[in-house]
Amino acid sequence: MVQEAVFRIEGLRKSFGPNQVLGGVDLELRAGVITVLMGANGAGKSTLVRIVSGVYDRDAGRITLAGQVFSPSSPAEAIRAGVVTVHQNINDGVVADLDVATNLTLDRLNGRGAPLVFNPRRVRREAAAVAARMGLSIDLTARISDLSLADRQMVAIARAMAHEPKVLILDEPTSSLSSAEAERLFQVVERLRARGVAILYISHRMSDIRRLADTIVSLRDGRISGIFEDQPLDYEGAVNAMLGKKISAGDISVRAATAPVLHAANLQLTPTSRPFSLTLGGGEVVAITGLVGVGKTALAETLFGVRAPVSGGMTLDGADYAPRSTRQAIERGVFLVAKDRGENGIVPGFNIYENISLPFLKRISNFGITSRRSERDLARTQIASLGVVCRSERDEMSTLSGGNQQKVMVGRWLTQASRVLILDEPFQGVDISARRDLAAKLRASAIGRATLVFVTELDEAFEIADRILVMSEHTLVGEHRNADINVDKLLAEIAGQHQMVG
Amino acid sequence: MNLEQTKTLNAATGAPHPVHKLTIRELAIKYGFLVLLLGLILFFCAFTNGFASPQSAVFILQSVAITGILALGVTATLVVGGFDLSIGSVATTAMMASSYVMVVMGGDAFTAMLVCILIGVVVGLINGFLIVYMRVPDLLATLGMMFLLVGLQRIPTEGRSIATGMTMPDGSVASGTFSPAFLALGRHRFDFVLPNLVPVSVVVLILLAIVIWFFLEYTRFGRMMYAVGSNERAAQLAGAPVNAYKISAYVISGVFASIGGILLAARLGRGDIASGNNLLLDSVAAALIGFAVLGAAKPNAFGTAIGALFVGVLLQGLTMMNAPYYTQDFVKGGVLVIALVFTFALSQRRR
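Keeping their order, the protein sequence lines are chains A and B.
Residue numbers for the first sequence follow my numbering, so the first one is 2 and each next one is one higher.
Residue numbers for the second sequence follow my numbering, so the first one is 4 and each next one is one higher.
Treat the hints with caution; some may be incorrect.
What the hints assert, rightly or not - The calculated label-pair distances, taken between Cβ atoms and stated as ranges, are:
| # | chain 1 | residue 1 | chain 2 | residue 2 | range |
| --- | --- | --- | --- | --- | --- |
| 1 | A | Ala320 | B | Asn246 | 23 to 29 Å |
| 2 | A | Gly238 | B | Arg28 | 55 to 61 Å |
| 3 | B | Val38 | A | Gly449 | 50 to 56 Å |
| 4 | A | Val56 | B | Gly337 | 40 to 46 Å |
| 5 | B | Leu30 | A | Ala385 | 30 to 36 Å |
| 6 | B | Met323 | A | Arg395 | 42 to 48 Å |
| 7 | B | Ala55 | A | Ala385 | 52 to 58 Å |
| 8 | B | Lys33 | A | Ala418 | 36 to 42 Å |
Claimed, not checked - Some chain A residues near chain B, calculated using beta-carbon distances under 10 Å:
| # | residue |
| --- | --- |
| 9 | Phe305 |
| 10 | Arg328 |
| 11 | Asn356 |
| 12 | Leu359 |
| 13 | Ile365 |
Simulated from the structure, these hints should not be mistaken for laboratory data.
All C-beta atoms, glycine included, are put in the ideal place defined by N, C-alpha and C.
Using the sequences provided together with the hints, build the complete structure.
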């Protein structure tokens, strides 16, 4: 049933300053077909969506909708032309303080030719019609802020569908839904497919993709790296195309762990996920990899005392370890270099040495009085050993490049000896030379502690780890020694085709 | 890469790196306000009689002492990224409470002061609780608290001011008096250069300014409070008990405000329902003017003290040049606006 494409993108290019984000993307969407778009962080998915929905202008390329040239200059124009986008952030699609009926008819109150005065009864009648077409059973008088996330998502989609679009774009619609809620969403999406809407479904979740995909398109570094449409779909191939096949099992000498440092037994991260066990040994570097949203950050935060596990326990050097705050974790020698340094790491009002000393002020203060001299000494040591490019340790953080900021963030936690050093996406927004410096430093300093690195990119895991663990759906599903890796098996585990491991 | 490494090495070993020259703009941001203050003082010295005298200097300090103390307290809440609108009413509540304790209940000076400090602590704890645990936005929580306290302080006396020998609502006459020790807080003057020159309130202002300045700049607690205000999440992930720091800031603010209230009561010698109207605006203005001092672009104790002094100098000078009293608020507002432009438009440190 190969049909003519309803929506066709040809040679789409977009750059932000010197960064090319999309380097010539070709994509076709067909009526009644769900096309899944997969891509790692920074692959260009969001940019693609924003161009198609009229938020960004394109630099080059041609988009046609049902044979007509499509070049929206605003989101409203894209919607009028019949291309409707439901964005990742659910609350962008609804107005929280208004009721469901008003939300469903909002666009009608607000276009050209909209009436000055509206009749609430008619609004409710129209809303009821929209809801009925979608098979939506929500109280139309309820306020959005009283609804669950899933219901809000339904309202956002129903609102989008009120325009009778030819193309519907769903940007990671399940990222904040539970599996039962997601199931309701799938049914709605399938109903829309049956009505002949061309759907572009953007997701990382393998369970979504298995459930819905008719076609899978992989995006990598701003280019389409694979199109999979033959049944049965080659999920592994799609993940492979998305992560890239530059897989060069690292040229590092793999070390074996000494005695176990941290042991987690039957740890359960969410009420519905399977428990798993984890042992980290002294001197080894362990990488945990997996797609976005599989619970890597949840595990990092559990180990660091930011959140509590649903069940299961941990021991550190043989003694019970159940941190209830970050301070307790730090006192026991468990450190976390958090991801998204701008949000979770850097104190923008502080200079380099004040940022570095932040967690350990207590240890270097006398009777509560800070010693700027020892702070600056510590900072200078880290600047020298990590090769931070700066004028002095008094520089503002904002004057540093991304890679150097990250070196400061890692250096912060290297100033004191740790038992377990956890790094969550430490190479995010870090240039290649800084990444090499950081990886080398982490491996060189690994003796005497356990090091745990969470990365989405496989290359990064190969570059740094002695052992690689795979995470999928909030549990560990695979383990590999970084010496003789069965790459196909690793990819299959990432894609979710796995057996449970002990 | 090689070049970079050399540069790093230089920085790390403390070898001389290129001297950073300040541009005129940076100089203006950093020293502009202090130069303006100096210029103002010189101007008034030249064009008024008696501005350049110890008495005049002490008078200026005395006029800003109570607002300055409140401003130092509110600085602590600004540091953790909050705000405290209740300080003015905490001060007046403390004033009424101390008068009530002594005049109506016949208590001594010590009890009166203890009750005031306690009020400051409790109000600070409630503010902090509302903001941290009830998630009420800081401005709204402290606005509500302000309203509540303005009303509360009038209830015990059914809206009357408190003075020695006042008639109570039930017709009896209050038997207590302001204790001499308490009144001394408002009237005693220490010898300094000249006999009987420096009032107690000025000494308290200077002591508290030094204490809070040292606390914020040189202790780890102060540093963590700045971290909480600058990036709360990062501070939490660095092991800071963020909520405790936030609540402490409101307690500091409450206690400072109640000290201001004690001094106000001691100066007036009565619990005056109508006094203290301007305390909130004046002290918040001083703290915000402080952002501009030395180009800090953030709340800081030294800046707050200079900000309070700036307003005091300006008003004293203008008064001595016969500017009418009703222009005062206009002048203060003008200074605040200029200081805010200094902080936010000229300084690019905040991206």
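Right, here's what the structure says about each hint:
1. Checked against the hint of 23 to 29 Å, the C-beta distance between alanine 320 (chain A) and asparagine 246 (chain B) comes to roughly 28 Å, which is consistent with it.
2. A C-beta distance of roughly 58 Å is found between glycine 238 (chain A) and arginine 28 (chain B), which places it inside the suggested range of 55 to 61 Å.
3. In this structure the hint that valine 38 (chain B) and glycine 449 (chain A) lie 50 to 56 Å apart at CB holds, the actual value being about 55 Å.
4. Restraint check, valine 56 (chain A) to glycine 337 (chain B): a C-beta distance of roughly 43 Å satisfies the suggested window 40 to 46 Å.
5. In this structure the hint that leucine 30 (chain B) and alanine 385 (chain A) lie 30 to 36 Å apart at CB holds, the actual value being about 32 Å.
6. One distance hint, 42 to 48 Å for the beta-carbon pair methionine 323 (chain B) and arginine 395 (chain A), holds here, with the actual separation near 43 Å.
7. Between alanine 55 (chain B) and alanine 385 (chain A) the CB atoms are about 53 Å apart, so this pair conforms to the stated range of 52 to 58 Å.
8. Between lysine 33 (chain B) and alanine 418 (chain A), the C-beta spacing of about 40 Å keeps the proposed range 36 to 42 Å intact.
9. Because the closest C-beta pair between phenylalanine 305 (chain A) and chain B is about 8 Å apart, less than 10 Å, the hint holds.
10. For arginine 328 (chain A), the interface hint holds, since its Cβ comes within 10 Å of a Cβ in chain B; the closest pair sits about 4 Å apart.
11. Because the beta carbon of asparagine 356 (chain A) sits about 9 Å from the nearest beta carbon in chain B, less than 10 Å, this interface hint is met.
12. Nearest Cβ of chain B to the Cβ of leucine 359 (chain A): about 4 Å, under the 10 Å cut. The hint holds.
13. With 10 Å as the threshold, the beta carbon of isoleucine 365 (chain A) comes within range of chain B, its nearest partner Cβ sitting at about 9 Å, so the hint holds.
Of the numbered hints given earlier, the model fails none.
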